[in-house]
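Participant: Two chains, two separate frames, one set of hints: put the complex together.
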Amino acid sequence: MKILVPVKRVVDYNVKIRVKPDGSGVDLANVKMSMNPFDEIAVEEALRIKEAGKATEVVVVSIGPAQAQETLRTGLAMGADRGILVQVDGTVEPLAVAKILKAIALEEQPGLIILGKQAIDDDCNQTGQMLAALLGWGQGTFASKVVPAEGTVDVTREIDGGLQTVQLKLPAVVTTDLRLNEPRYASLPNIMKAKKKPLETKSAADYGVDTAPRLTVVKTAEPAGRQAGIKVGSAAELVAKLRQEAGVL
Amino acid sequence: MTTLLLAEHDNASLKDATNRALTAALALGGDVHVLVAGSGCGPAAEAAAKLSGVAKVLVADADGYAHQLAEPVADLIASLAGGYDAIVAPATSAAKNTLPRVAALLDVMQVSDITAVVAPDTFERPIYAGNAIQTVKATDAKKVITVRTSTFAATGEGGSAPVETVAAVADPALSSFVGEAISENDRPELTSAKIIVSGGRALGSAEKFQQVVLPLADRLGAAVGASRAAVDAGYAPNDWQVGQTGKVVAPELYIALGISGAIQHLAGMKDSKIIVAVNKDDEAPIFQVADYGLVGDIFELVPQIVKELG
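For the record, the sequence lines run as chains D and V. Take 1 as the starting number for the first sequence in full-length UniProt numbering and just add one per residue. Take 1 as the starting number for the second sequence in full-length UniProt numbering and just add one per residue.
Chain V on its own, in the form it takes in the complex (with noise of 0.2 Å):
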């Protein structure tokens, strides 16, 4: 069996959610060819084709594909799909996009979100905020899967795959791009993070979540992440939203700050290897799922712990 992987990257360089769900799409059995479709993507197919056990990269370079848009791409991989036996992208909010619409145009129903690859054809994945693991065997002859990337080690270089490309298809013309405001900050990605630093209401107001949650974060050079509550309240930007409905991560470390634990949220982040809990309730539930629990006010221990780093 053949299987097409679809990459995330920002054209220049190719993104660790890649080389995660080229784990689970080289669990499957077969070759894996990765399609990196972009505008000046060169580069990042140059790093597709280095990263060890793929066989091949394609490169869609057209402006239409610049800015990811479902309506063109979807085309794109649909317009490939015949010589594939699985069609695989990490769970980004890109690929997300993407990837059903490319499922319905095979009419093939697509497996969300995967967390184990059970057989070719037989995937976990969580239902009910991560509540109930399902295990579910497609019967489509195709298979289109989404990676959820946290639970998926990623594949280190080793390879060097040739590099062909692929015809842009025809633009459906049934969108356009407007534009976009990407947050600019020199800290980690949340999802691909070794640290990560969250903080939750009880911060109580947007100043407070940065005097308290940030120079933390800074000191472990960590991602810095947000409970729903904290979105919702505007103390944070929605895509440091961790949770059900935000990112879902898992990494070394996870330092929540006046986060109760709500089951969205630790939807989001019980994966992590090691979970510190820091809140003045002890009853909250997020004591539950911590490793270490420390109970008080977050005023006064966050910087008792920036002090103690040094």
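Looking at chain D on its own, in the form it has when it is part of the complex (with noise of 0.2 Å):
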């Protein structure tokens, strides 16, 4: 079984980011990028299944601009078969991301496409689940715990109030919640080898998707900000406050 694995470039989730003061967007000039997290750990989820002898290849997907090769590599040096890119400048929505994964998924018929629920960027958690729309295959969203077996997959998810347990015919779409795995980092070796890694460069054209965004962004603001309050000195004045002043009590 082929694994395929979609990967996003993102702002690197420790950086505070900051919206441009003339609200047409994120100031993302000189920011650091990485993998989005939940692809990360779709990936070690990948490797660890073509580990276990369950798969023979996982092939990493990334759509957008040139430098997602970076993010390709990185999904190489932790240990993926080979890598595509989808050359797309500008912002790509989600179902336009899933009608370019969804020709590829015809392309590489892969039993399992593994993704992270959603990408720190835009925040849309949507993407897995059309992918799974398009493609006519079942679902299996914020994966905590994910067991191949033939012709099925079993995944453990995060659900409000607690976890539910599907099973999906394959070929089948999963998207990964944080608890899934830990993510190993990519040893120096690895890097390395990962440069001579085959990584193929596609347009959406080749595709015959249509990438022009559905929503127009209007506008972009910072958030209603909120000011520090005050300190108190003990337990007793914090009750006292929260019952006189804040009256929540």
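No lab work stands behind these hints, which were simulated from the structure alone. Worth double-checking, as some hints may not be accurate.
[What the hints assert, rightly or not] Think about it this way: if two alpha-carbon atoms lie no more than 30 Å apart in a straight line, the pair counts; the simulated DSS-like pairs of lysine-lysine are:
no.	chain 1	residue 1	chain 2	residue 2
1	V	LYS194	D	LYS231
2	D	LYS16	V	LYS273
3	D	LYS231	V	LYS208
4	D	LYS219	V	LYS142
5	V	LYS273	V	LYS50
6	D	LYS219	V	LYS137
7	V	LYS137	D	LYS231
8	V	LYS194	D	LYS241
Facilitator: Written as structure tokens, this is what we have:
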């Protein structure tokens, strides 16, 4: 079985982003970029399934600017076998990403597609579900455990209030939640080796997908700020303030 | 225009998230029909019919909808979508699973997690863990929207809408329910609680988390939350997680115990009305958003707070 892992290049999760003063967007100049953390978990899970002898090849794919190559190389350095870059400049919305991924899936015929539940830039949480819909496959979202078997996969999902386990027919789409695994760090020798792994570059037109956004961004603003309050000196003072001043008790 | 609202329920009752998403659905300006898809979900449908402003309730009652699996529910909604201009759902884990699937079936780009309705086609939504608010205009003819429930007030009762049965659609048989482990407790749900007491990594162990956080929560009748660090360390279950990758909450009172205030945690609670932070590090970022800060050892201070509450 082949596993396809879509990965996204996003602003590193440690970066405190700034909104451009003119409201046109978020300032991304000279900001550290990394692989979306949930996608790193997806790469790790695919590698573990391969290492357990249940998959034969792990293919990473990214849709984004030329620099998304670095994101793919990160995946290759972790242990993926080859990469596909679909080069698109500008915003590509989840629906267009899902359409491109569908076309790639039809070409590559993976048994499983594993990707992050959401990207930490647009926080959409859509791509995996949309991809599953377009392919007519089952979906196991927000996975905290993935157990592939013959022709099926059991996915334990993080839901409101606890966990739910579903069985999906393969091929299927799985999206990762935080507790699924802890991704490995790529070793230096593996980073060097990754430079020689095959990486193919394509365009959205190669897959016949129109990536024009369906959502028009009217403006981007700073959220309403919150002022720091006061420090109280004791538990007694705190409780008194909450009772008398805040009126929340 | 007419809007279809997907209800969040457990068959026996309607969840508060539905009332909140209804407020957003009504703000679109058209008639609102509520879809209750479940198994033995008559009581939930009756409750939906009583909500103020609901024009009609549609009930799809079938075994296949018992566990809200995304594939059959999405097919059901897509089959009904022809009659609607907008499809709305609260951003609960069930709807976050289902609605993007509906959107793709309809070839619509979904607008996720809206925090305000600016116009029937224009919405505000947070990006980058709430560090920026984007206003977007949806150009698709049909809108598919999930609603961040913490930012909309709940619509109350006062209606008596007709309840209509809709036929179930064929189960695509792509997935099946194996089992679930739902944590049982008597506490209010995180997303609808008036008071939340949350613990962070400073608790140091699952035992200490239980010993320190729970008595205060019990005293206040509060829901219990946790930071991602506390969840990652195994001190608290993941469904208690508050933050960008967990639940987004906005209670009347949020008490953060031993939580430093990472961006991703603040994203989940900074809209709370009153924030209290107890932390031994007086430079912790949580104090920049807290209305009342108490610097010191949580293991000493929290029992004192419980005592003061009497």
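Participant: Which numbered conditions among the earlier hints are violated in the structure presented, ordered from lowest to highest?
Facilitator: The structure conflicts with hint 7 only, although it agrees with all the remaining ones.
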